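S.K.: Chain by chain, the residues run as shown.
Number of protein chains: 2
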Amino acid sequence: MKIYSHELAPNPRRVRIFLAEKGITVAYEQVDIFSGKNRTPEFLQKNPLGGIPVLEFDDGTYLAESVAICRYFEGMFPEPPLMGVDPRDQAFVEMWNRRMELEIFGPIGRAMQHTNPIFKGRLEQFPAFGDTQRARALERLEWLDSILAQRPFVAGDRYTIADITALVGIDLGRGYAGLEIPPAIRHVHRWHQAVSSRPSAKA
Amino acid sequence: MKIYSHELAPNPRRVRIFLAEKGITVAYEQVDIFSGKNRTPEFLQKNPLGGIPVLEFDDGTYLAESVAICRYFEGMFPEPPLMGVDPRDQAFVEMWNRRMELEIFGPIGRAMQHTNPIFKGRLEQFPAFGDTQRARALERLEWLDSILAQRPFVAGDRYTIADITALVGIDLGRGYAGLEIPPAIRHVHRWHQAVSSRPSAKA
Chain G
528 MKIYSHELAP
538 NPRRVRIFLA
548 EKGITVAYEQ
558 VDIFSGKNRT
568 PEFLQKNPLG
578 GIPVLEFDDG
588 TYLAESVAIC
598 RYFEGMFPEP
608 PLMGVDPRDQ
618 AFVEMWNRRM
628 ELEIFGPIGR
638 AMQHTNPIFK
648 GRLEQFPAFG
658 DTQRARALER
668 LEWLDSILAQ
678 RPFVAGDRYT
688 IADITALVGI
698 DLGRGYAGLE
708 IPPAIRHVHR
718 WHQAVSSRPS
728 AKA
Chain R
528 MKIYSHELAP
538 NPRRVRIFLA
548 EKGITVAYEQ
558 VDIFSGKNRT
568 PEFLQKNPLG
578 GIPVLEFDDG
588 TYLAESVAIC
598 RYFEGMFPEP
608 PLMGVDPRDQ
618 AFVEMWNRRM
628 ELEIFGPIGR
638 AMQHTNPIFK
648 GRLEQFPAFG
658 DTQRARALER
668 LEWLDSILAQ
678 RPFVAGDRYT
688 IADITALVGI
698 DLGRGYAGLE
708 IPPAIRHVHR
718 WHQAVSSRPS
728 AKA
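Chains as they are written, first to last, in this note's numbering: chain G, 528 to 730; chain R, 528 to 730.
Next comes chain G alone, as it looks inside the complex (with noise of 0.2 Å):
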């Protein structure tokens, strides 16, 4: 079993971060996805959409897309649990996950996309666009510093898997999408110092 990754691409920390955080080592293979390696017909067999992570099991079958791949250790291996831990927990935890991926993650991701020159010829950028998504996932950032005032972590007492998406969407705006998290906004500057402290975060 190993995992196509990359250093640098945040989709692939997500899945490092969550097995670091339970424990598990699997063995890493980098995918050189700046020279589009992720692009020769040999990956796209692994993955036909060119996407990395992607899981790779012993009997040849391979698993793209991030959660799905997050899913399968937490229904392996359920301690620590970072995907809730009955039925009704479960879904709130799905709920915050999906909040952090579409409110925050996504559009720091099309801001990006359509502002970073290292883009540029790998799609059609339109800034303005790109300048409106950084514009929301700051209004957002502000919404959930109203969240991190009342709990430790995104979904309450718990590290789970939204703390997980929400740094490593945070840190993608911090690093290329021009998106520093404001002073005034302290409840996700303590936040965010927390969980980059855990040792998961430099997986």
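Don't read these hints as lab results, they were simulated from the structure.
The structure presented is a predicted model; accordingly, all values stated were derived computationally and were not measured.
Where is the CB? At the ideal position from N, CA and C, for every residue including glycine.
The reader is advised that the hints may include incorrect statements.
[As the list claims (entries may be wrong)] Listed next, with one range per pair, are the computed distances between beta-carbon atoms:
(1) R/Gly-705 - G/Pro-726: 47 to 55 Å
(2) R/Asp-684 - G/Thr-552: 45 to 53 Å
(3) R/Val-612 - G/Tyr-589: 13 to 21 Å
(4) R/Phe-561 - G/Ser-562: 45 to 53 Å
(5) R/Gln-557 - G/Arg-725: 39 to 47 Å
(6) R/Met-603 - G/Ala-676: 29 to 37 Å
(7) R/Pro-607 - G/Arg-713: 43 to 51 Å
(8) G/Lys-529 - R/Glu-569: 27 to 35 Å
(9) G/Pro-605 - R/Pro-607: 35 to 43 Å
(10) R/Phe-561 - G/Glu-569: 47 to 55 Å
(11) R/Asp-684 - G/Pro-575: 14 to 22 Å
(12) R/Glu-556 - G/Arg-615: 32 to 40 Å
[Unchecked claim] According to the in silico footprint, chain R covers these stretches of chain G (three or more CB under 8 Å from chain R):
(13) 557 to 566
(14) 598 to 610
(15) 701 to 712
Dock chain R against chain G, hints included.
M.R.: Chain R alone, transformed into the frame defined by chain G:
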């Protein structure tokens, strides 16, 4: 327990189809999104992001996000399974549901938001960006055709939540984003007819 819904909105339809497939009856309360009833202070108490559907529990707790609501009911009423039957199967259903969301439903939704006059004034529209999203969805439908050439349903031999996401996304494209399924994509047509003829499609 009740679910805040709207007849014409795609996301509540995902949950209604899911519950119909399970044979679960829940009361629906209509929220008139066209007159902004989902943006009133009262509704924002239920979901601060203003989206529907929202599930209201009898204890006054609110659960938002379609897939989170589906996951709650899947956990409480596992039969028939719509989200996989064991950790590995659940992971593959998750992969396919995410592919339908991220590659088909998502681009179609953005094509609609950026090109349909009903969104004028509700967000800053970038029609040329919307056109790229329509083109991307079309490209992905061609890829989906190659998948459905090999099996009856999106995730394999069994109807799952991935079929629901694809159906609702495609119907949204047909109704609101000027995206008809090209006749040459015949496996998608066969599948679309099959899933549309299930009683759940009218839920």
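S.K.: It remains to establish, for every hint, whether it holds in the given structure.
M.R.: Against the structure, the hints:
1. R/Gly-705 - G/Pro-726: 47 to 55 Å: For G/Pro-726 against R/Gly-705, whose Cβ atoms are near 50 Å apart, the range 47 to 55 Å holds.
2. R/Asp-684 - G/Thr-552: 45 to 53 Å: Given about 34 Å between the Cβ atoms, the range is violated.
3. R/Val-612 - G/Tyr-589: 13 to 21 Å: holds (20 Å)
4. R/Phe-561 - G/Ser-562: 45 to 53 Å: With a Cβ separation near 49 Å, R/Phe-561 and G/Ser-562 satisfy 45 to 53 Å, so the hint holds.
5. R/Gln-557 - G/Arg-725: 39 to 47 Å: With a Cβ separation near 44 Å, R/Gln-557 and G/Arg-725 satisfy 39 to 47 Å, so the hint holds.
6. R/Met-603 - G/Ala-676: 29 to 37 Å: For R/Met-603 and G/Ala-676 the Cβ distance comes to about 32 Å; the hint holds.
7. R/Pro-607 - G/Arg-713: 43 to 51 Å: This hint holds: roughly 48 Å between Cβ atoms.
8. G/Lys-529 - R/Glu-569: 27 to 35 Å: violated (51 Å)
9. G/Pro-605 - R/Pro-607: 35 to 43 Å: 24 Å Cβ-Cβ, so the 35 to 43 Å window is violated.
10. R/Phe-561 - G/Glu-569: 47 to 55 Å: At 50 Å between Cβs, range holds.
11. R/Asp-684 - G/Pro-575: 14 to 22 Å: Check passed, 20 Å falls within 14 to 22 Å.
12. R/Glu-556 - G/Arg-615: 32 to 40 Å: Given a distance of about 21 Å, which is not inside 32 to 40 Å, the answer is violated.
13. 557 to 566: violated (count 0)
14. 598 to 610: Three-residue rule met by the region 598 to 610 of chain G, so holds; n is 5.
15. 701 to 712: Answer violated; 0 residues pass the 8 Å Cβ test.
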